[in-house]
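Asker: Here are the chains, one letter per residue:
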Amino acid sequence: MRQLRFGLLLSAMMLVSGAAAAEDVKLAYVGEISGQLAVSGGNFRDGVIMAVEEINAKGGIAGKKIDLQLYDTQSNPSVARAQMQKALDGDVFAVLGPVLSGNVKVTMQMLQQAEVPHLIGGEAADLVTLGDKYLFRTSFGQQVGMPKIVAHMRDNLKAKTVGLIWVNNDFGKAGRDQLKKALDAAGLKLAADISTEPGQMDFAADVVKLKAANADVQFVYSNEEECARIMREIKKQGVKGPYVGDTTLLSQKTIELAADAAEGVQGHVGLTSDAPIKAVQDYKDRFQKRFNYVSDHNGIKGYTGVYAIKYIVEKKLGGKLDRKAFANAMHGLTITPNDEPNILIETSWDDRGEIDRISFLAEVVKGKQTITKILPKLGGGKS
Amino acid sequence: MTDFIQLFVSGLATGGIYALTAVGFTLLWQTSQTINFAQGEFVMLPAFFVLIGMGYFGMPFWLAVVAAMIVTVITLGVIFKRLVIDPMITHGVLPIVIATIGLAILMKEGVREFYGADAWPFPPLAAATNITIFGAALAVQSLVVLAVSIGAVIVLQLFLNGTRTGRAMQATAQNANVARLLGIPVERMILYTFMINAALVMIASLLITPIYLAKFTNGELLGLYAFIAAIIGGFNQMRGAIVGGLLLGVVDNFTAAYISTQYRLVVPLFFLIVIILFRPQGLLGRVEERTV
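Chains A and B supply the protein sequences, listed in that same order.
With my numbering, the residue at position 260 of the first sequence is 260, and numbering never jumps.
With my numbering, the residue at position 95 of the second sequence is 95, and numbering never jumps.
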């Protein structure tokens, strides 16, 4: 009898805890915690963690606590698929990540089939063209950023030829193609087109080729660590500038790793914790206090991604955890800082999941990213 | 032509680092029949000792280097021999190979656990300036790396040939039993070899980390290149390892520049296969015969 009573009590407790778990909003970060893209993925993860901690401290999403699970892709596509399956087996409401475009590509079909919204960090241009109705970006695709950089090179730097050094992965290839397209449209010539490998350590030979091309502008397009190694080699070999790039080249991590070699680097950044916007500065301070390092754009991507989920569930779905309705609501949506202060910057998504925000031209001055110009949003969305 | 000279010099500089690491392979093999598959991680770790000295103890760079050198020689020389090699040495080469592979994983994951998966900046030994020689602008950093590598090897050669201890170490390498009969303290000579290897990896670490940045994965490729260099040059000859390292650095650079970055590892591996097929003792190695 005593055993029966104990058994019943245990069952009741399990039921109660199960019911409580069912009330949680299950989110998963499936991203690059280790491996080649650990810097970017780690920032994204910490942005997600900080947002979840803040939201849970204030009662959760529509009164439901967020249950966040972390899955490490190890920057490896085959591991990414296995980890994504684990996340799906856990019946997640939405997935944040991956950051590596290649890992997004190999996992997006799984999420699309399971009809799970996923807010990605990948920036490869073609990701939003593959017909995935559940995919949403947290930062610009390259097709948005590249024309802005090319306009800067043509109009401000008066460049006629560009020497390009890029990383041969999904992110780099798509970026290279978008840049070439934008250069052709603007009448600029690609004087050097040098492909490098992900995780490459020694860039001496590649930079000799870049130097030999004698282009007006050197364009560096790779992941943060490789960008830093390239810039160190460029300065070592005395390749003349200006040095131009996208968000990764101007990220805080690249600046920290490249040290003096990053000085004078300029380009376009879609997101930056150095943006002259109070909400972003406050976020930067909170992040630094929480994790003891400065967030890069990936941290903002993760952070704002969670707040976008919160806003949509609370304001558009009335607290209902309906994945399909979530995806429908997010297409064509605009969230302003008035709607949700922690979205930081007014953000819109189109019907393909492409994102639109203001963006920035920046330059590295005395080891800091300095915003030189704010570029307007391209279009709008429903609010 | 100027591109060729630049590629050649930067290849020699990288090759010098491979050579230093490969020399360690050959030294350990000759004196104790040890193949250290953690050699790449041995190069990775001292950079973190320097960063710990600078970051946690607030030391200036050069003091941190001296402290790291002492810690490296003790941990990767003395302790490595006492804890890993000595208990295994009587069981033959294979257990040592497996143990050092395990050690490599332990070191890599240990650094990742304690220092994180991120890369860290590391101060270069020279400023990022250039000097022009024969019309080619050569990076002073590359020349310093090359000079330090060659200097370290020359000092090692002078020590081995010009001192009593060095000659005793050579005798130990040639035939430990005869050396023992001649009254040479063989065990101590082997220990010295491990300490010298630790000093060499420390120097290699100082030279390579400003280029690679300090990261827990740095040893993977470096260990492989150094191993290939040692085999190409001759695993039982120190000068073979030097030639193998320099050759590999230059070939690697020319492959990346004139063929493709994607195939830069293919050419060294192709060399390795050719050498194993047609000259298994390596370019400068000597044929060894063993009783079975």
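Bear in mind the hints are in silico, worked out from the structure with no lab data behind them.
Among the clues, some could well be false.
[What the hints assert, rightly or not] Some chain B residues judged to face chain A by a derived CB distance under 10 Å, without partners named:
hint: 1; residue: S10
hint: 2; residue: T14
hint: 3; residue: W120
hint: 4; residue: T165
hint: 5; residue: G166
hint: 6; residue: N218
hint: 7; residue: D252
hint: 8; residue: Y258
Idealized CB from N, CA, C, for every residue including glycine.
Asker: Please flag the earlier hints that this structure goes against, numbers listed from lowest up.
Answerer: Going through the list in order, the structure violates hints 4 and 5 and respects the others.
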